[in-house]
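Student: The listed protein sequences correspond, in order, to chains V and W.
Numbering of the first sequence is given in our numbering, commencing with residue 23 and proceeding in unit increments.
Numbering of the second sequence is given in our numbering, commencing with residue 35 and proceeding in unit increments.
It is worth saying that the hints were derived from the structure and are not from the lab.
These figures come from a predicted structure and were not determined experimentally.
Please note that a few of the clues may not be correct.
Unchecked claim - Derived DSS-like pairs: lysine-lysine, alpha-carbon spacing no greater than 30 Å straight-line:
#	chain 1	residue 1	chain 2	residue 2
1	W	LYS117	V	LYS92
2	V	LYS92	W	LYS76
3	W	LYS117	W	LYS91
4	V	LYS89	W	LYS117
5	V	LYS78	V	LYS92
6	V	LYS78	W	LYS117
7	V	LYS64	W	LYS117
8	V	LYS78	W	LYS76
9	V	LYS92	V	LYS64
Read off the chains here:
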Amino acid sequence: QKEVEQDPGPLSVPEGAIVSLNCTYSNSAFQYFMWYRQYSRKGPELLMYTYSSGNKEDGRFTAQVDKSSKYISLFIRDSQPSDSATYLCAMTVSGGSYIPTFGRGTSLIVHP
Amino acid sequence: EPEVTQTPSHQVTQMGQEVILRCVPISNHLYFYWYRQILGQKVEFLVSFYNNEISEKSEIFDDQFSVERPDGSNFTLKIRSTKLEDSAMYFCASSDGGTSVGYTFGSGTRLTVV
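Full structure from sequences and hints, please.
Tutor: This is the structure in structure tokens:
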């Protein structure tokens, strides 16, 4: 079983839709959960992160972590064409080197 | 906003040749990293570097790879004898602390081995 699983998509939605992006993981020691956005031909850019369980909101973006189910989500409200990108989840254990394990990324297309 | 700068953006090399990928991390950052992303696959950790030495490396980072911080600003990744399977995007990243939440990635170097 892979440590971090993420559906590669593509996920195509109309402008204004609510987008739900998800990852599952197998390592119960993961404590930091991150979402990166990657535009074509660019490096990943950290969107937001959470520590342990719970929700975190930043503008149109909400990150959720359910440690009991080993499941994390990123919700994008009022999606815009500029949100079209690949979204990578990443996670790491607390303590130690903090080297994150990435998911494959989900390609999101928001069409006008 | 401070950036991590990588050069070149695209490098084509023949199998067996040596390549050096260059990075200029953010100036006040102390931790430096190289990652690789093969087309369509996940971002993979190669190596981390702190205080002028490797602090951690993955199984991918074998004897064909080396890193160096030759001066106060550059951070390089050398592949001694490239193989076809080394073709990938290589990303440099830096952070001001040991936790990954502070990573800033560069735009990457696309390495094509022919």
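Student: I'd like to know which numbered hints this structure contradicts. Please list them from smallest to largest.
Tutor: Per hint list: 1, 4 and 6 violated.
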